[in-house]
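Starting from the structure of chain S, add chain E where the hints point.
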Amino acid sequence: MKEFSIQSGEAVGVVAAESIGEPSTQMLLRVFHSAGISSAVVTTGLPRILEIIDARKNPKSPIMHINMAKGIEKNYEKVREVRKKIEEVKVSGLIKGFTENLKSGLMELELDREKMAQHEINARSVMSKIEAFGADTELEGDTIKIKIKKKENLKATRISFVNIRGLPVGGIPGIDKAIVEQAEDGAFFITTVGSNIKGVLDIEGVDKEKAYSNNIVEIMNMYGVEAARNTIARELYSTITAEGFTTNFRHLSLIADAMCFYGAVKGVGRHGIAGLKESVFARAAFEETVKHFVNAAIFSERDNLRGVAENILIGKQVPVGTGFVKLAVKKDDLKKIKSKDKANK
Amino acid sequence: MQAESIDGIKFMVVSPAEIKRISVAKLIIPDTYNEDGYPIDGGVIDQRLGVVDPGFRCKTCGGSAKTCPGHFGHIELIRPVVHPEFAKAVYLILQSTCDKCHRLLVSDEQMEKMRSEIAAEFEEGEQNSRGQTQKKIKTANKCPHCGAKQRKLKFERPTMFYLDQDRIKPDELTDWLSKIPDEDVRLLGMDPKSFRPEWLVLTNLLVPPVNVRPSITLETGERSEDDLTHKLVEIMRINKKLEQDIDAGTPQIIIDDLWELLQYHVTTYFNNETPGVPVARHRTSRPLKTLAQRLKGKEGRLRYNLSGKRVNFSARTVIVADGSLNVDQVGVPRKIAEVLTIPAYVTQWNIDSMKALLSRAEYPMVLNVITKEGIRKRVTDVNRQELLGELAPGYIMDRQLQDNDIVLFNRQPTLHRVSIMAHRVKVLPGRVLRLHVAATNPYNADFDGDDMNLHVPQSLEAQAEAKVLMAPSKQILSPRDGTPLMAMEEDELVGLYYLTGEDIYFNKEDTASILSASQIFEMPDAGKNGMYSGKSIFSMLLPKDFNLEVKSPEGLVVIKSGDLVKGIISSDLIGTFKNSMLLVKIYKDYGPDFATDFLLKISKMSLAVAYLLGFTISLGDYHNPESVNKEKEKIISDAKAKVREMIKNYKSNKLEALPGNTKRETLEVLVGVALRETRSIASKMLQKTLTDKNHVNLMAKIGARGNILNFVQTTLFLGQQDVRGKRPSRGYSGRVLPLFKKGSNDPAAHGFVTSSFIEGMKLPEYYMHGMGSRDSAVSKQLVVPTSGYMYRRVLNAMQDFYVDTNLRVRDASGALIQTIYGGDGKDTMDELLEKA
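So the sequence lines, in the order shown, correspond to chains S and E. Residue 1 is where the first sequence starts when you use the numbering used here, and the numbers rise one by one after that. Residue 346 is where the second sequence starts when you use the numbering used here, and the numbers rise one by one after that.
Hint data in this document are derived by calculation from the structure and do not stem from the laboratory. Some clues are possibly wrong.
Derived pair list, reagent style PhoX-like, types lysine-lysine, alpha-carbon separation capped at 20 Å [unchecked claim]:
#1 E:Lys933 x E:Lys905
#2 E:Lys946 x E:Lys819
#3 S:Lys90 x S:Lys129
#4 S:Lys96 x E:Lys999
#5 E:Lys641 x S:Lys291
#6 E:Lys1008 x S:Lys84
#7 S:Lys84 x S:Lys129
#8 S:Lys316 x E:Lys355
#9 S:Lys198 x S:Lys208
#10 E:Lys1008 x S:Lys115
#11 S:Lys291 x E:Lys946
#12 E:Lys905 x S:Lys316
#13 S:Lys291 x E:Lys355
#14 S:Lys90 x E:Lys1071
#15 S:Lys149 x S:Lys103
#16 E:Lys999 x S:Lys115
#17 S:Lys208 x S:Lys90
#18 S:Lys96 x E:Lys1008
#19 E:Lys930 x E:Lys1180
#20 E:Lys433 x S:Lys291
#21 E:Lys355 x E:Lys538
#22 S:Lys177 x E:Lys1008
#23 E:Lys896 x E:Lys946
#24 E:Lys1033 x E:Lys1046
#25 S:Lys60 x E:Lys1071
#26 S:Lys85 x S:Lys177
#27 S:Lys115 x S:Lys96
#28 E:Lys433 x E:Lys497
#29 E:Lys433 x E:Lys514
#30 E:Lys634 x S:Lys291
#31 E:Lys996 x E:Lys1087
#32 E:Lys996 x S:Lys96
#33 E:Lys819 x E:Lys923
#34 E:Lys404 x E:Lys371
Excised from the complex, chain S in its bound form (with noise of 0.2 Å):
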């Protein structure tokens, strides 16, 4: 049996890039699929790819996937206790309806029993709240009467009305939708529109070793570069294979090490790896030319050419394939010792 393995030299990067780039270039044009039942909506494609490969701080649809604790899982009713600590309330999650009086600056929520109790929240919780907020509450019967403490003009009250109807009053800030689904064996999870990971780690009855997230900073500032780098590669295989493309995982593995070589996640462009090269030559001509040869300038850096780019712009063989290969012995050197071979016979 043959031994495999890779070759040295081989241009990984390149081909990892190609193994993105080329499917990329057909991702969209092939949309032809129906959208699916699952309400939580999920960016795809090649608008997904772009937010991994920057390393965005705010994706736009970061979900979480939350595995429940042994022995609730199979439990639908205590899975639904738990989606309920974790689905995010506003005060207009509570309410039946508002009346407001923008000149007196007053306000006035009907509050809603059903979804109060839905929520187990109270009216002096979410009193308490307002208050913090910056305005007098009182309660009548099932009427929460506001006044805004300062005199404001009618649009900055108007302003304050809405935060306040914007209010968080329970659950976990940032998590808009959570969603109880069943999977193939049985078991209940949670799926999130919205993710915080922290917050979710601290209530009771989910699995907390399986929590997982699709945003790749929280994820790093949560648990290290390593899960980090894990979850890029991971994101982008299911990103590719959803768009129907099969790409081999190494490829994604490199570029996720890539990024994450820094010992944070850092974006492929001027700002990320593409910018912090070694080479003077590759970043300038690559984006941002002028500033790079003004920095090098002040700072004397020197360009040891030892990467693709500058070698190519100066003419040289690349460093990478079959350039990897050198002469252990130089060509002079090789006729000095010939000669000295001679000498001593």
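The following block gives chain E in isolation, referenced to the frame of chain S:
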């Protein structure tokens, strides 16, 4: 051979003294030519700076326009000006230093600490700043050295500096910066040997040689100067005016104005896109292209001229398919073969055949002879005999391209490595390049007018490398996912389906003709009543020791000792972008060359079958029986009923909202799902009712062409049309088109099309379909530039990565990216081959 090689390039700031040292001429006259049309001495195109017109001699080196490399000159600026690109650096240095004693605003103890930090950094080896950016050093309000309270420093883009309200003029800047001691400069992270802060303020301006900014003579005989020359003339004019005014004792205000104007011209000379500075324009109001613009961007020096290499020995024309070629061949028109040459080395062993070649006066002939001394002589009818006599080992001849020469073949966009492959030349008549259809896939080429490029590698090393690494046979499996890039497609799959199907028999004559198509001249064992089964014919292609057992959607496929026992060979076994286990296993067991040959033989054989049996589609295939049409009506009315039901529930508030959605959103989601799934319901229904007799269905089933969804849309209904991934909902108030009722809930009012392509659409449906098409056309246009830019960024970030001798991945600086490539040190193909 590289005679000399560059090991590295160091960047520095040019000092005023260095400028004077480099300079061959001090330029004083702000003009170009005199009345006689000769360059003025001391003008911007002083002949000491080199010459561009033929017939003139450089006054520095005596060379002509061709031999003189050009020489720098300089302008002495009467008043210093700030170099605009360095202004930010100046600001940061000013911020970090005392405005009185000009020491670093850092206490002695801190200095000591910084010094040791920097020393440690240097000790780690060669200092490498890796795109270091300047940082302001944390500064005190009071200078720790002289105790002076610091005044507020202000920087006004692009080149103005203020202390409180007082402007710091550039000469004061020079003064300040030059008083910063060397050791403090070092603490700022700079090397005082090659950088002094005061050099950032210009006192001398380096003037590039004239061949950097050649003037062109228009047809009218009028001279047109380069943008840089224009700018230099203006700088010198203001400089001179300033000098005269100062000498004449003109009021300070006027001098300051002129000074500022000088600063403006110098700023735009370096970068005409400096933010906050009005753009300098040519007489024709076109913005001037100055130094920064020359370097920058796609059309700039770096990307266009330095990275963008141009080549000789190349050709380009339209491509056309040629089934008689081999996959690794390329058909080259005679006309191209006559022009492209390849060096032939004369040795003592081949001298006779080389002489024979040189003596020829038509097509495969020699165009040039290069003597041992390296003198190139063009072969003509006149000197041919003379050269023949002269020819000796060590000579090199440029001979015309011949059959079986190795050339590189490429189609743009060159998105992946298989977009350039090495083919063997086959010289053919005609005016087009030809290639085998199987090679079409990696290039993503078709024959509707595509052009392709041909390159002839000249050195033997290059030819060998191309042959060994870039041959199509070595590229059958994609480096991306290991699936075949070159395999059976379309008609070939149809042929294979008929050949390897169950209970298919051919008579002796047909069997013989099928087999001879793939160069097999033996007969398989005859089956019952002298007929030959298709499977046994196919098995003739397989090596006798070949075994395979794979599951495909068409059932189990079993090959035992080179005999296809069971199953149909479909696209899943030997198609492109599929797992294609048959091909992969052959590749693994018998190598790339055998696999290519195998592909070619299968191709010929399957096409022979397809030609023999014939295969066509007709309008009749698109005619559905009444039962199917009834099914269609049922699917549509079911969906519509479902939607009505949902709307009813919604209106009576019985619809339960999906978590996190409002009821209105929930309704939209559910209705969308119900309407969109009609298409897949219909295709499932069709797959059940249609037989192999329907050739359109057959093609879709075996993966030859089209899919079942196409069939649904042509014969049944188009289904839901989407705009931005949603049902159309905008247009007129409360409706998409004015012919619908306001707020209509009818699926048709939101883009549900119930007609098929065959029937033709009703007008509102046509409109909806148009909206959907437009939407996808627009999004397609956006994909190409965005994905192109993404690709460029990823490639730029990773192009230096290579595998070292220990299977580790490193970048250009030797930094470790992966400890073992891909976690196992294997490449994609190997991983898949191992599994096979």
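TODO: Go through the numbered hints given earlier and state which of them the structure violates, listing their numbers in rising order.
DONE: 11, 12, 14, 17, 23
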